[in-house]
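Starting from the structure of chain L, add chain C where the hints point.
Protein chains in written order, with the numbering used here: chain L, 1 to 360; chain C, 1 to 437.
What the hints contain is simulated information worked out from the structure, not anything from laboratory work. Please note that the accuracy of each hint is not assured.
[Claimed, not checked] Far from chain L by the CB rule (all over 12 Å, computed), these chain C residues:
#	residue
1	21
2	29
3	126
4	169
5	170
6	174
7	175
8	187
9	190
10	205
11	235
12	237
13	289
14	307
15	381
16	430
[What the hints assert, rightly or not] To give a feel for the contact side, a few chain L residues facing chain C, derived at Cβ under 7 Å:
#	residue
17	33
18	38
19	72
20	75
21	155
22	182
23	183
24	222
25	223
26	303
27	304
28	307
29	317
30	318
31	319
Just so it is clear, CB atoms sit at the ideal spot from N, CA and C, and this is done for glycine as well.
Each chain, letter by letter, is given below.
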Amino acid sequence: MISNALNRNDLEDIVIGATVLGAGGGGPVYTGRIIGSQAIKDGKIRLLKLKELKDDANVVVSFGMGSPVVHKERWLDYDLVRALHALEKYLGTSMTAISAFEQGGCNTPLAMYTAANTGLPILDGDGVGRAVPELQMTTFDLNKISICPMAVADAKSRAAILEVESAREAEALARAIAVEYGGLAGVAAYPMTGRQAKRTIVPNTVSLACKIGHALRTAKEKGDDFYSVLSEVTKAKLLFRGSVSSVESRTVKGFDFGTTIILGEDEFEDKKLRIDFKNENMIAWMNRKPIVMVPDLISVVDDVSGEPLTNVDVKKGLKVFVAAIPAHKKVRTTKGYKMFKHVLQILGYEGEFLRFEEVN
Amino acid sequence: MVTLGLCIRESSIEAVVTKNGRFIIGSKDRSSQSIGKDEISKVINKLRFDFKKIEKVHIALDLLKYPLSSISNLGKIAIIRLSYPIGMYEEPLIEWPNKLRKAVLGKFLVAHGGRQFDGSPLSEIDERELLKYLERLRGKVDAIALTSPFSTVYNEDESEAFEVLRKAAPRELPIYASHHLGDLDFAYRENATALNASGCKAAMIQVSSIKEVLKNFGIDAPTYFLQNNGLLMSNEYAVQNPVLTINSTYSSQIMGVITAERVQNGVLIDLDGKEVKIGPFAGGLPVIVEIVNIDGIKINSGGPLLRSLKSKISSKIVQKAIGSMILSEESKIYASTQETIQFVEKFGKYPGIGLSKHAGFLGAFGVANAKIGARIVKVFREKISENEAKYRFIKDAKMIFQRIGGSPKDARLSVEIAPLPTLPLGVTRLILLVKSK
Chain L
1 MISNALNRND
11 LEDIVIGATV
21 LGAGGGGPVY
31 TGRIIGSQAI
41 KDGKIRLLKL
51 KELKDDANVV
61 VSFGMGSPVV
71 HKERWLDYDL
81 VRALHALEKY
91 LGTSMTAISA
101 FEQGGCNTPL
111 AMYTAANTGL
121 PILDGDGVGR
131 AVPELQMTTF
141 DLNKISICPM
151 AVADAKSRAA
161 ILEVESAREA
171 EALARAIAVE
181 YGGLAGVAAY
191 PMTGRQAKRT
201 IVPNTVSLAC
211 KIGHALRTAK
221 EKGDDFYSVL
231 SEVTKAKLLF
241 RGSVSSVESR
251 TVKGFDFGTT
261 IILGEDEFED
271 KKLRIDFKNE
281 NMIAWMNRKP
291 IVMVPDLISV
301 VDDVSGEPLT
311 NVDVKKGLKV
321 FVAAIPAHKK
331 VRTTKGYKMF
341 KHVLQILGYE
351 GEFLRFEEVN
Chain C
1 MVTLGLCIRE
11 SSIEAVVTKN
21 GRFIIGSKDR
31 SSQSIGKDEI
41 SKVINKLRFD
51 FKKIEKVHIA
61 LDLLKYPLSS
71 ISNLGKIAII
81 RLSYPIGMYE
91 EPLIEWPNKL
101 RKAVLGKFLV
111 AHGGRQFDGS
121 PLSEIDEREL
131 LKYLERLRGK
141 VDAIALTSPF
151 STVYNEDESE
161 AFEVLRKAAP
171 RELPIYASHH
181 LGDLDFAYRE
191 NATALNASGC
201 KAAMIQVSSI
211 KEVLKNFGID
221 APTYFLQNNG
231 LLMSNEYAVQ
241 NPVLTINSTY
251 SSQIMGVITA
261 ERVQNGVLID
271 LDGKEVKIGP
281 FAGGLPVIVE
291 IVNIDGIKIN
301 SGGPLLRSLK
311 SKISSKIVQK
321 AIGSMILSEE
331 SKIYASTQET
341 IQFVEKFGKY
351 PGIGLSKHAG
361 FLGAFGVANA
371 KIGARIVKVF
381 REKISENEAK
391 YRFIKDAKMI
401 FQRIGGSPKD
411 ARLSVEIAPL
421 PTLPLGVTRL
431 ILLVKSK
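For reference, chain L alone in the conformation it holds in the complex (with noise of 0.2 Å):
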């Protein structure tokens, strides 16, 4: 189904998988999409295998940072590129392959887009196998790799290099660089050998994501049910199903919190789920009890159309179901859940990591 030469039903696939491991995140799907369609557009996508990759190998993450809202009004492009080649030149060396940084129906394709515009590779993997809202909330980090040397760059050809010590010190810097570039950049970042790269990173994920986005996409021709399918792709649990009650969200410091309330149909008649995020879905709660939490997926799908949403496109009265999809081994340690416990203590869990396997 996928080949290591992506093509545009691949594109539509990915975009489709990656939202629903993007975990209510991961960008606009629709400039995901454009995006996209241009990558494949101007060049030839290769997907390499982590087992492909030379051990000297170059590899650099490619993503995009600033405003979600501001994505949808202009897009990042030859920011992503230029930000690659401003760090090439501050290193003296030329990379070999690329790695997205999260799963996203945006995020995903931006890292397309870099590799169709510089004729390198994509690889398989990404830092955590899922969208997350801050820096440091990747295998990259939990295996220290370095986040920097660091290239911020905006399409009017300027760029910063940032040389700090930690990732939420480079998120805030390149953060405030996004802003004076007009709110978006394009950012080169953890640089690091091939032989690093297939002890970090998640692999995999580029053709998981586009395996689900097959699974829902050929359901929806079928007449499948969509939860049916998800399941059989991944190992996805079905939390919940029902009707969306209310979502309120609010920004604070360029993120966006908020609660998502599903009211339970069918065999959660009288039930009701709780889904508090931090631009992600972070904890999920059934009758005030938490069923399941970061680093786990909690994805939500429109049950009629098979559509992944994110918080976004979460609407009152849309009947949707909530996937439970389990983190990825490499993240779901007790290492990985400390990543998000700060997190999930604002939003009102201070307690362990529960595997929603476990909970009745």
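Relative to chain L, chain C alone:
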């Protein structure tokens, strides 16, 4: 007032005569996808009415449906994007089906101008550059679509470029500016502007054909077309803004239920050929969403909220689709025709679905009773109250109302502060609804 209402769809054509809003006589027949003049004439002829008495003609017709599905009669356009130095590498309409894109997009040019999210310029407008582009486009395209990031919030550059081009362009090369038509979200707005610019040629052909048919019956009355928000516009405005007629035949069915059943809120299920459409209405009009999906192409010029079930469907899907459209406890569910009920019941019994009065003629009856009006989305770069908006923009609203075919003295204006689909930025987004009393 004697009105002829026509609802022209792929599956059927309905014609109804009303007098002061009351149903007098109706006729209906099947139609083909391409809907010829003969088919329309046949249905009108079946009415056997003294057509000299017709004082107004109201028509519901999706002016883009057939041109898009058959890729015919669409105009070749140029898109001039005011965004230099950004936006040069994202080609417009890139996610459109290849064949359609090739038929529509003649040229894409990036020009100086445009704003950042905080209003600061990307670059300064270059009048000479615009005129140079215009010369390159003469005789090569049928229309120009002018787009720019953040133009809904900062429309100065687009307005300036629009005036420069409009003054210099020949009459047969119309210009369309994105801030006149679309909402926030650049991709959807560019799509809407491009589709509108390209669709005008097809719209003109269809409107002329219908006028010819009416003339053959001796009908020489003012003609109005239904917008997808349930309000009417003049035929001249319809030719300039065909995107406003997307899904308007469905909206005409909704207006039919509202008038026939004297209800303000509810859900309508309508079977049109092999497609089932399910959507809500509230406050006496279709519920409107900003983003319309036309087979994967998204535009943000607005349209009725609806679920369209085309491919293989199950009883679960039908049930969920209906359930998702019930917005309030008072919502009753109506079917437009007996065939619709029969189709839905193939998937299970749905108690509570009622057949509307005048079923079978709902579309024509609905459009015959529709009123002239406009739904305007305005974005202000400051916090502003509804009252202040009303006070400041009553003149603008009346002007638009007049352009759309209404008389300013008949205009009644209401304003609501609308949620922003994007861009916090301290802006206020308002929906102004102006319609006939």
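Hint check results:
For residue 21 of chain C, the shortest C-beta to C-beta distance to chain L comes to about 32 Å, beyond the 12 Å cut-off, and the non-interface label holds. For residue 29 of chain C, the requirement that its beta carbon stay farther than 12 Å from each beta carbon of chain L is met, with the minimum near 32 Å. Residue 126 of chain C, annotated as away from the interface, keeps every beta carbon of chain L farther than 12 Å; the closest lies near 17 Å. Here residue 169 of chain C stays apart from chain L, with its beta-carbon at least about 27 Å from theirs, past the 12 Å limit.
With a closest Cβ-Cβ approach of about 32 Å to chain L, residue 170 of chain C is found to remain outside the 12 Å limit, as its non-interface label requires. At roughly 25 Å, the least C-beta separation between residue 174 of chain C and chain L is larger than 12 Å, which holds for a residue marked as non-interface. No Cβ of chain L comes within 12 Å of the Cβ of residue 175 of chain C; the nearest lies about 21 Å off, and the non-interface call holds. Taking the minimum C-beta to C-beta distance to chain L, about 6 Å, the non-interface status of residue 187 of chain C is violated against the 12 Å cut.
Interface exclusion of residue 190 of chain C from chain L breaks down, the closest Cβ pair being 10 Å apart, not more than 12 Å. No Cβ of chain L comes within 12 Å of the Cβ of residue 205 of chain C; the nearest lies about 31 Å off, and the non-interface call holds. Look at residue 235 of chain C: its CB is around 33 Å from the nearest CB on chain L, clear of 12 Å, so calling it non-interface holds up. Residue 237 of chain C, annotated as away from the interface, keeps every beta carbon of chain L farther than 12 Å; the closest lies near 28 Å.
With a closest Cβ-Cβ approach of about 9 Å to chain L, residue 289 of chain C is found to fall inside the 12 Å limit, against its non-interface label. The Cβ of residue 307 of chain C sits about 6 Å from the closest Cβ of chain L, inside the 12 Å cut-off, so the non-interface label is violated. The claim that residue 381 of chain C lies off the interface holds: its Cβ sits roughly 14 Å from the closest Cβ of chain L, which is beyond the 12 Å cut-off. Distance to chain L confirms residue 430 of chain C as a non-interface residue, since its nearest Cβ pair spans about 19 Å, more than 12 Å.
Interface restraint check: residue 33 of chain L against chain C, minimum CB-CB distance 5 Å, threshold 7 Å, status holds. Hint status for residue 38 of chain L: holds, given a least beta-carbon distance of 5 Å to chain C, under 7 Å. Below 7 Å, beta-carbon pairs count as interface contacts, and residue 72 of chain L has one with chain C at about 5 Å; its hint therefore holds. Interface restraint check for residue 75 of chain L: the shortest CB-CB distance to chain C comes to about 5 Å, inside 7 Å, so the restraint holds.
Because the smallest distance between the Cβ of residue 155 of chain L and any Cβ of chain C comes to about 4 Å, under 7 Å, the interface hint for this residue holds. Taken as an interface hint, residue 182 of chain L checks out: its beta carbon lies about 4 Å from the nearest beta carbon of chain C, inside 7 Å. Hint on residue 183 of chain L holds. Least Cβ distance to chain C is approximately 5 Å, under the 7 Å limit. For residue 222 of chain L, the shortest C-beta to C-beta distance to chain C is roughly 6 Å, which falls under 7 Å, so the interface hint holds.
Evaluation of the residue 223 of chain L hint against chain C yields a held restraint, the C-beta minimum of about 3 Å falling below 7 Å. Evaluation of the residue 303 of chain L hint against chain C yields a held restraint, the C-beta minimum of about 5 Å falling below 7 Å. A distance limit of 7 Å between C-beta atoms decides the matter here; for residue 304 of chain L the minimum to chain C is near 5 Å, and the interface restraint holds. Annotation: residue 307 of chain L was flagged as interfacial toward chain C, and the flag is violated, the nearest CB pair being 10 Å apart, outside 7 Å.
With 7 Å as the threshold, the beta carbon of residue 317 of chain L comes within range of chain C, its nearest partner Cβ sitting at about 5 Å, so the hint holds. Evaluation of the residue 318 of chain L hint against chain C yields a held restraint, the C-beta minimum of about 6 Å falling below 7 Å. Using the Cβ-Cβ criterion of 7 Å, the hint placing residue 319 of chain L at the interface with chain C is satisfied: the shortest such distance is roughly 4 Å.
The earlier numbered hints that this structure contradicts are 8, 9, 13, 14, 28.
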